[in-house]
Each structure stands twice: as C-alpha cells, then as structure tokens.
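Colleague: In order, the protein sequences belong to chains A and B.
Once you know that position 41 of the first sequence is 41 in the working numbering, the rest is easy, because the numbers rise by one and skip nothing.
Once you know that position 19 of the second sequence is 19 in the working numbering, the rest is easy, because the numbers rise by one and skip nothing.
Everything labelled a hint here was simulated from the structure, so no lab data went into it.
Please note: incorrect hints may appear among the correct ones.
Listed next, the in silico DSS-like pairs over lysine-lysine satisfying Cα-Cα at most 27 Å (straight line) [what the hints assert, rightly or not]:
(1) LYS71(B) to LYS207(A)
(2) LYS87(B) to LYS101(B)
(3) LYS71(B) to LYS183(B)
(4) LYS220(A) to LYS60(A)
(5) LYS220(A) to LYS87(B)
(6) LYS183(B) to LYS158(B)
(7) LYS71(B) to LYS220(A)
(8) LYS201(A) to LYS93(A)
(9) LYS101(B) to LYS183(B)
(10) LYS79(B) to LYS220(A)
(11) LYS60(A) to LYS93(A)
(12) LYS79(B) to LYS101(B)
To spell it out: a stretch of chain A is covered by chain B in this simulated footprint if at least three of its residues, at any positions, have a beta carbon under 8 Å from a beta carbon of chain B; those stretches are [as the list claims (entries may be wrong)]:
(13) 107 to 114
(14) 177 to 184
(15) 190 to 198
(16) 209 to 220
Taking CB as the label site, the calculated pair distances span [claimed, not checked]:
(17) GLY144(B) to THR98(A): 47 to 55 Å
(18) SER129(B) to THR98(A): 52 to 60 Å
(19) GLY218(A) to TYR194(B): 49 to 57 Å
Built from N, CA and C at the ideal position, the CB exists for glycine as well.
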Amino acid sequence: MHSTSFRRASLAAAAFVSLAVLAGAPARADQAAESYVATNASQAINALGAVGSPAERSAKFGALMEQFSDMGALSDFVLGVYARPLRADPALKAEWTTTFRDYAMATYEAQLDRYRGSALRVTGSRDYQRNADACSRVGTEMTQKGASPLQIYWYLCKRPGADWKVADVGLVLGDSELKLAITQRDQFVAFLGSNGGDVHKLIARVKQQTASMRAQIGAKKTKNG
Amino acid sequence: MRYAAAAIALVIGAGLAPNALAQTTTTTSADTTATEPGDRPAAGTAHGHAPGDPWESLNRGIFSFNEAIDKALVEPTAKGYRAVTPKFFRSGVTNFLHNLKSPVIFANDVLQASPKRAGTTVGRFAVNSTVGLLGLFDPASHMGLPSHDEDFGQTLGKWGAGPGPYIMLPLLGPSNLRDVAGKIVDIGLDPINYADFKNDDTWRAVRFGADELSARTDAIEAIDSMRATAIDPYATTRSLYDQSRDSAIANGQTHAEDSPESDDTLSQ
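Between the sequences and the hints, there should be enough to build the whole structure, so can you do that?
Modeller: Given below as structure tokens:
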C-alpha cells in the first residue's frame with residue numbers, strides 16, 4: 001500500500017511538474033494514462049484482497065473495473081460483425097451489454113484473483129491515435145512473492161473532454177501478448193456463426209458460463225478466506 | 001536438407017505461395033474494424049467454418065480428442081511433476097532444454113536478418129553452456145542477454161508468408177500449415193538430430209517428452225483459466241494460438257490499434 005501511494009504521488013507530481021515546465025501545454029497522453037492505470041488498476045487489484053465478505057470484495061472489484069473500463073465499446077466490439085444489427089433492438093442490446101458486463105467482471109476476477117496483494121508497477125507507455133480519440137498503451141508488471149512477474153498491457157482511450165477508459169488488456173506469456181477483448185470476440189463470433197447469429201442463444205450461454213465462474217470464485221474465496 | 005526440401009514442397013504443392021498464403025490468413029484476430037454485416041460473410045454461415053479454418057469440423061473433433069487425453073493423462077502428469085519436484089529442478093530442466101534449442105534459434109535469427117538477436121543467441125549459448133553448467137542455469141539473462149525464441153514458422157511469417165489453414169494436430173495441439181512446414185525445417189536445422197551416439201533415438205524421445213511436459217507444467221494455470229472462462233474452448237484456443245504466433249513473428253510488437261473503439265466512433 002505504501003509503495004502504491006508513493007508511486008501515485010510521484011506520478012501526480014511528475015505530471016504537475018510537466019504541466020508547469022510546458023507553460024500550460026497539456027501533459028502528454030502517456031503520462032496521464034500511466035497515472036490513471038497506476039491508480040485505478042492498483043485499487044481494483046487491492047479490492048480483491050480487501051477486508052470483507054467474498055461477495056463484498058467481488059462487488060467492490062466489479063464496480064472499480066466497470067468504472068475503469070469502457071463496457072459499452074467492449075460489448076459492441078466482442079460481437080464483431082453481429083454488433084450493428086443488434087442496434088436495431090435496444091432492449092436486446094441492453095440485455096447483451098448487461099450479460100457481457102457480468103461475464104467480463106467474472107473473467108477479470110478469475111484471472112486476477114491469484115495476484116491479489118501483488119504490487120503493480122508501471123513500466124512505460126506509448127501513445128497512439130484512434131480517430132478522434134487519444135490512446136495509450138501502458139505497460140505494467142505485477143509482482144508477487146514466489147511467482148514470476150506478470151506483464152500486462154492496458155489499452156486506454158480518451159475522447160475529448162472525457163476520462164480515460166480501458167479498451168483492452170494484453171497479458172504477456174513468453175514472447176507473446178494475448179489480448180482479452182480480441183480473444184473474447186473470436187469466441188463469441190465463432191459461437192454466433194455456428195448458431196445462425198442468434199444473440200439470444202449467446203446470452204444464454206454466456207450467462208451459464210458466468211454462473212459457473214461465480215460458483216468457482218465463491219468456492220475459492222470461501223476456502224482461502 | 002531433405003527436411004527443408006520437403007517443407008518447401010509441402011508449401012508449393014498445396015498451391016500456397018506466400019501471396020496466396022496471405023490471402024488465406026486467419027482473420028479472426030486481425031480484422032477488428034468490420035462491424036458492417038456486408039463487410040464480409042458472417043463467420044460460420046457462408047462456408048460452415050470460420051475464416052482461416054476450412055477444416056474446422058475435423059479440427060474440432062481432434063481438439064475434443066486432445067482435451068480428453070490431456071485431462072486424463074497429460075494434465076495429471078504435469079501436476080504430479082510439479083508436486084514432486086522443487087522449483088529449481090524444474091527451472092533447471094527448462095533452462096537446459098531451451099539452451100539445446102540455441103542452434104535452431106540462431107539459424108532463424110540469421111534467416112530473419114536479425115544480427116543483434118543472433119549475437120544475443122550466440123552469447124547466451126556460450127555463457128549458459130559454460131558458466132551456466134551446460135545450460136542448467138541462465139546467468140546470461142542477468143548479463144543483458146535476454147532469452148527469445150525463433151523458429152522457421154516465424155521466419156516464413158517474417159518474410160510475408162501467411163499462416164494458411166489452421167490445423168489441430170493430434171496430441172500436439174494447435175498449428176497451421178506454415179508452422180507445420182516450419183517445424184519440419186527446424187528438425188533439419190537441429191544438429192542434435194544428426195548426432196550419432198548410443199541410444200540416440202531414446203535420448204531424442206526423452207528430450208521431446210521432457211519438452212512437452214515442461215511446457216504443459218508451465219501452462220497449468222493458463223489452461224485451467226481458459227477452461228473456466230471460455231464459452232468455446234476450441235475457438236479460444238484458436239484465437240490464442242493465432243495471437244501468440246502473430247506476436248512472436250513481430251517479436252512482441254503489437255498493433256495497438258487492434259482494440260475496441262469508443263461507442264461514438266463506432267456509430268460514425
């Protein structure tokens with residue numbers, strides 16, 4: 001906790017100094033993005049190990065990740081070519097967005113739970129542009145005693161006047177980076193392709209998987225306390 | 001050399017010259033901006049299979065077989081191996097096996113016109129084989145000589161060859177036509193396969209088995225996680241394989257633009 005607070009203060013100070021030196025010019029996107037990730041990713045991971053019941057920890061983690069991520073864009077992206085027809089049915093789109101959000105939160109929690117209590121360190125970043133959005137790829141490293149550090153890349157974008165939102169997360173395994181949203185899209189599109197594009201069937205299947213993940217997460221948390 | 005000739009014949013004979021291979025590239029990972037139904041046929045409806053996976057039905061059958069074998073035999077063996085061996089022992093085995101791959105890695109560094117990486121590979125092999133006690137330890141990584149992997153499939157990809165059809169190999173797992181051809185060439189590039197000594201076939205079989213066990217042990221949590229979260233483990237495995245190969249060919253450089261856009265930009 002102390003190292004996270006110190007890092008947060010250091011990044012905030014660095015951003016402030018940069019602003020002063022540049023005489024009012026905006027801080028580079030990557031500095032602000034790094035600060036955003038350092039603060040929010042740490043809070044979300046710390047929530048997994050916070051005091052409270054497993055349900056309370058899950059709720060807190062989910063709330064932080066939802067605030068941190070662009071769930072609207074993600075729920076569209078992971079449907080690939082099937083996203084646009086869904087816009088003609090707002091009720092179904094809303095149901096899909098809710099279903100995907102629940103699934104994504106359970107997935108994040110399942111993947112990151114073993115790193116609760118870990119220290120998160122920002123290792124660098126790179127700016128890029130997506131249409132009107134300023135974006136940044138922020139690298140981080142999570143270290144845990146007795147385990148190899150895990151490299152994670154956070155892809156954030158910021159519309160003019162809005163806050164940063166995480167669009168994707170990349171996990172580095174060996175020499176390769178594997179992106180979560182891309183992987184989710186590939187499997188959802190495959191499922192829809194095999195089921196005549198029926199989003200109702202996808203919703204049912206995803207709800208089933210979410211329930212299964214929640215049961216496993218709950219069992220693990222009850223066991224570990 | 002006969003291995004290299006066989007690989008080239010396999011590629012050309014299938015009518016898959018580099019440009020054609022690129023046209024049959026698996027697009028499920030690369031195509032991120034198609035949100036219009038008219039942009040391309042919906043996966044699985046026009047031809048009954050996903051783009052880049054013309055043998056999907058057969059591949060799914062082999063995947064189911066592999067999963068059954070993995071759950072019954074391979075995974076328990078990997079977990080048992082982890083339970084009965086200390087971490088330093090397993091690290092030593094991994095280091096030793098990776099050090100043996102240095103000649104193949106070096107050859108592909110050269111074929112990819114990467115002199116810096118080739119130099120690193122030579123340096124690593126020299127340091128780890130001596131100071132590292134025949135590769136059991138990896139002091140090179142602490143001397144500014146980071147580890148990396150290269151293979152002929154990556155070499156083909158570096159020079160523009162697309163992956164070709166996705167292939168699920170019995171027992172060996174995911175691959176594609178380019179990488180299968182590449183593997184054949186790598187067997188030919190490995191000097192150990194030409195060495196002639198007592199029980200050399202047994203040694204090669206043990207080496208292969210140790211390599212597979214070591215890799216499976218390292219992947220226990222990742223595969224458990226995938227099985228717990230995936231609604232379609234076959235499609236997830238395919239996606240992860242495609243992404244890992246694309247990333248490896250690019251030496252870890254990723255296309256940051258292949259990510260979701262904000263709602264406002266999608267609606268434009």
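Colleague: Work down the list of hints and note, for each, if the structure agrees.
Modeller: Here is how each hint holds up against the structure:
1. LYS71(B) to LYS207(A): 25 Å, holds
2. LYS87(B) to LYS101(B): At roughly 21 Å apart (the allowed maximum being 27 Å), LYS101(B) and LYS87(B) satisfy the hint.
3. LYS71(B) to LYS183(B): Holds, at roughly 26 Å.
4. LYS220(A) to LYS60(A): Holds, at about 17 Å.
5. LYS220(A) to LYS87(B): 24 Å, holds
6. LYS183(B) to LYS158(B): Measuring from Cα to Cα gives roughly 15 Å; hence the hint holds.
7. LYS71(B) to LYS220(A): 21 Å, holds
8. LYS201(A) to LYS93(A): 13 Å, holds
9. LYS101(B) to LYS183(B): Within the cut-off at roughly 13 Å; holds.
10. LYS79(B) to LYS220(A): At roughly 19 Å apart (the allowed maximum being 27 Å), LYS220(A) and LYS79(B) satisfy the hint.
11. LYS60(A) to LYS93(A): 25 Å, holds
12. LYS79(B) to LYS101(B): With Cα atoms ~25 Å apart, LYS79(B) and LYS101(B) stay inside 27 Å; holds.
13. 107 to 114: Holds, because 4 residues of the stretch 107 to 114 of chain A bring their Cβ atoms closer than 8 Å to Cβ atoms of chain B.
14. 177 to 184: Three-residue rule met by the stretch 177 to 184 of chain A, so holds; n is 6.
15. 190 to 198: holds (count 7)
16. 209 to 220: With 4 residues close enough to chain B, the hint holds.
17. GLY144(B) to THR98(A): 47 to 55 Å: 50 Å, holds
18. SER129(B) to THR98(A): 52 to 60 Å: With Cβ atoms ~57 Å apart, the hint holds.
19. GLY218(A) to TYR194(B): 49 to 57 Å: 56 Å, holds
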